[in-house]
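> Letter by letter, the chains look like this.
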Amino acid sequence: MAKKIIATTSLAGCFGCHMSILDIDERILDLIELVEFNKSPIDDIKTFTKECDIGIIEGGCCNDENVHTLLEFRKHCKTLVVIGECAMMGGLPSMRNTIPLKECLDEAYLNGPTVADCNPQKIIPNDPDIPKILNRVYPCHEIVKIDVFLPGCPPRADLIWDALVALVTGAELKLPYTTFKFD
Amino acid sequence: MASFVKFTINGKTCLAEEGAQLVEAAKENGIYIPTLCNYPGIPPKGSCRICTVLVNGIGQTACTTKVVEGMTVQTSTPELEEFRKSVIEILFAEGNHLCPSCEKSGSCELQALAYRYRVTVPHFPYLFPKRDVEAWHPKLVKDHNRCIQCKRCIRGIRNGKGQALFAFGKRGDKVVINIDPETSRDISDALAQEAMDMCPVGAILRKEKGFDVPIGKRKFDRQPIGSDIQA
Ligand code: SF4
Ligand code: SF4
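So the sequences go chain by chain: A and E. Taking our numbering, the leading residue of the first sequence gets 1, the next gets one more, and so forth. Taking our numbering, the leading residue of the second sequence gets 1, the next gets one more, and so forth.
Everything labelled a hint here was simulated from the structure, so no lab data went into it. A virtual CB, placed ideally from N, CA and C, is assigned to each residue, including glycine. Errors might be hidden in some of the hints.
Unchecked claim - One-sided excerpt, in silico: chain E residues whose CB lies under 8 Å from chain A: (1) Gly-106; (2) Phe-128; (3) Pro-129; (4) Lys-130.
To be verified - With a straight-line Cα cutoff of 27 Å, these simulated BS3-like cross-link-like pairs (lysine-lysine) come out: (5) A/Lys-145 - E/Lys-85; (6) A/Lys-174 - E/Lys-85; (7) E/Lys-219 - A/Lys-174; (8) E/Lys-161 - E/Lys-207; (9) A/Lys-132 - E/Lys-130.
As the list claims (entries may be wrong) - Short, incomplete list of chain E residues facing chain A, as computed with Cβ under 10 Å: (10) Asn-96; (11) Pro-100; (12) Ser-101; (13) Ser-105; (14) Ala-114; (15) Tyr-115; (16) Pro-122; (17) Gln-223.
Make the full structure from the sequences, and use the hints.
This is the structure in structure tokens:
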């Protein structure tokens, strides 16, 4: 059987979900027998070099680069799996969603108690190389179609493992009660 | 002596006292009907709609229905289950539910229903409403981000003089549930705890309390909500 190809990325997340992927411990040796990794921070491949079977997304979209990456994943991956609360509902970064963007930026770069003296020119970072921040944080499914959702903060390693096995072998995807959690 | 009536739930013959609340009567007969705004011992409200069942083929809320002789009840059809999922999804989309940072996580009834029905993301866009957190009350914290307006607190919590601690303000989608600063000022820790326990979500919290039960041991970590009534 040809190895399935997996890509992963972390958008507006904390890499905790990727840590949870690694948390499958020695089962990663079994995984490597079954799959090959393409674009992913795990192997540091930066751009897609192959069409992939499974794309795994951590984090929601807080800037235009996140959106670009998510669209690339949709284009190159047959099945898109989002993992974690940030990808599913915005998570911690989305706490800014109830505050107008300008207020957030002013607080972060101009008025916050820790920035008063270190930004004398009152600059809000605007270098063209810096991704543009979006008006709010968007969960992934509000931007592209998502096929599988694995909740958790981070998702339990066993939930990720069970889902990967199901996706790789074509078995039915089960979401066991004890690993289906939002925290 | 109370008179008993015979009726059926999902084809099973059941017995209950005449006039009993359908949710309770089902429970006594070992059948779980999911509820959220309902709380045993306080007047039912029928506001969340999650307990909708078919009574003689017609959808109605089981918390506001009394059992009568010969009624036929269906608690679970594909349509009812889809409808319940939608109710859960709407409540998640309508408020700000950041479960990972919520003191009630693991023991929250809304979250537990989402677990039971394996609700992942809503079919409705998240609204991210701007809501306040009132941390200035002496004994309680009111987090409006998580309030589902079930009004259990209004119906169920009174101080020693019989005065309500909670009341609602505004109307429609602007409705807020407020803590009355007067009646809540000198409440006992026991009453504060009662208020926290009566709230199905993490909208009423005791001050200086929380995160005291480890993950894995919280109310709904291992067993779905309702499994104490129906396996
Ligand atoms: S109240 Fe319940 S659903 Fe809302 S954030 Fe807290 S645990 Fe999650
Ligand atoms: S504070 Fe809690 S009990 Fe009161 S209406 Fe809101 S969710 Fe219901």
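> Which hints, by number, does the structure contradict?
none
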